[in-house]
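Protein chains: 2
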Amino acid sequence: MVAAPDGRVVATTDLLVEGRHFRRDWSGPGDIGRKAAARNLADVAAMGARPTALLVALAAPGDLAVSWVLDLVGGIAVECSSAGAVVAGGDTSSADTVMVAITALGDLAGQAAVTRTGARPGDVVAVTGKLGAAAAGLELLTAGLGGAEPAGRGERDRALAGPDQDQAADLASLISAHRRPEPPYPAGPQAVGHGATAMIDVSDGLIADLGHVADGSGVRIELRSDLIAAAPLVPVRSLAAAAALLDRPGEHWLRWVLAGGDDHALAATFPAETGPPGGWTIIGKVAEGRGITVDGRKWSDAAGWEHFRS
Amino acid sequence: MVAAPDGRVVATTDLLVEGRHFRRDWSGPGDIGRKAAARNLADVAAMGARPTALLVALAAPGDLAVSWVLDLVGGIAVECSSAGAVVAGGDTSSADTVMVAITALGDLAGQAAVTRTGARPGDVVAVTGKLGAAAAGLELLTAGLGGAEPAGRGERDRALAGPDQDQAADLASLISAHRRPEPPYPAGPQAVGHGATAMIDVSDGLIADLGHVADGSGVRIELRSDLIAAAPLVPVRSLAAAAALLDRPGEHWLRWVLAGGDDHALAATFPAETGPPGGWTIIGKVAEGRGITVDGRKWSDAAGWEHFRS
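Protein sequences appear in the order of chains Y and E.
Here the working numbering is used: the first residue of the first sequence is 1, the next is one more, and so on.
Here the working numbering is used: the first residue of the second sequence is 1, the next is one more, and so on.
Hints were generated in silico from the structure; no laboratory data involved.
Hints are supplied without guarantee of correctness; some may be wrong.
Over 10 angstroms on every C-beta distance to chain Y, these chain E residues come out as not near it, computed from the model [as the list claims (entries may be wrong)]:
1. D215
2. A272
3. P277
Derived coverage of chain E by chain Y (criterion: at least 3 residues anywhere in the stretch with Cβ under 8 angstroms from a Cβ of chain Y; other residues may be distant) [to be verified]:
4. 83-91
5. 186-200
Heads up, the beta-carbon is just placed ideally off N, CA and C, and yes, glycines get one too.
Using the sequences and the hints given, assemble the complete structure.
Rendered as structure tokens:
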């Protein structure tokens, strides 16, 4: 039983499938658990609610090591705790692949729930949380850089031994962002208290997710790359280092920021008069019209993040 | 967002995996959906709560027909509606096998939540809902009797053409009970209002599930087969017909009732002075001690229902 002092409960559910949403050779069970929990908890926060509880359904092959499952559940519990919630129930079954379905519940504490439909022309667009880091980390892993944490950290250290120390730390932070996103949970209710008109968590990419806000609200969202580059939580230096290592053009960092998913930053719109609360960065504004522009142009890669396939 | 007028929300989650909990050649998608929803809704009712909402996570192969998925979701929605709840959210993903994870939420409407731990010596044990029918239906299907509804009802009608009309209806009702359980949802909150001291839904078998109550409450539960045979919702005639068709001994009906799962009847304990409300049948009593007895003897098949494996 979960307390719902507000008399309303926010609920969201999400499914992670091995090979599609995670790979056991790229992420350890603790990180997979944290990430699975984070996706749902961030969704609750993006509605303006405080996460209260998770329910976990886990399917796994019979020959999977018990320690792997315990580490997964431990990761879920740790992430849950970091968001102020508890694991309130679960179910397990055998299956050929690992699958984790999580439902998160949250309490609105008397505030209105914020949706994707309330953005109004004149509002400012702001973000809090990392952007682009998880996508860059995934590309490093896909390119064979970064190694397999489950098999030991030595491999990663070898792979990243080429660049200098600072750069190695930058790249490691991107891989860590892929494995273990850190959504800014308290910023969700904070934004609602500050008058947010619409909010979403960035799971599929900034363009794709703000596209849902633009569509839902019947407005155009105009982003500025200079404001994005100046946001403290956009790790431009690390992204540029990753782009160099991967032989990508220098401006590739912006692609990760705009189209990369899985960071679970929060993006919201606020009335221009009051603006966002502390810790948020304005990256654009809401106008009459439709769709998303970046520096006045339509972004061509609006499809956002596609999950990798095994 | 789901209303939680009580200020507490009851939540439960459950996972169904193709080949383990259902077979696509034995049940159509509508029935699989109804059953998946029923399992969770019955769990909520067994806590004494009124089901309010379901969240559904569905994994399915990319080549699965869209109509199959729509029928599954339709079945979930129909069952949900029959319990007075709504589908409040969902997520989908591709995977090699079909997997459905459902979370159900419920409202206690100011009543105490009932658990498995409150049964006291002197209480009576009562049930409401079908018992044994789903297990007998599964054995008929396993024996190749009853045919595959997804492939058309003709096959079933042929298989059941041997017995007379009444008997055919009896057997069809058992197969239907396996495919489409009908938990007595309102009886959960009703039992709590009537002073139930412990309650559980019968998903793994009467002995196995009442065993959880006996263990959790630190008591012995003494059942009487004559009282069980007299319960209006134990379909003794149909079970006996199925036993005959399967060349089982006549007393096999009791085995289905005691050890058969998946009917989602409700079993509860009540103070002897007040007894159960209308619609419930007393089948035994609570005593000092441990474990379960039937007619004074330990039931030898206490393992209850094992899900079939593909």
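Inset, instruction - Find the hints from earlier in the document that the structure breaks and name them by number, from lowest to highest. - result: Per hint list: single violation, 5.
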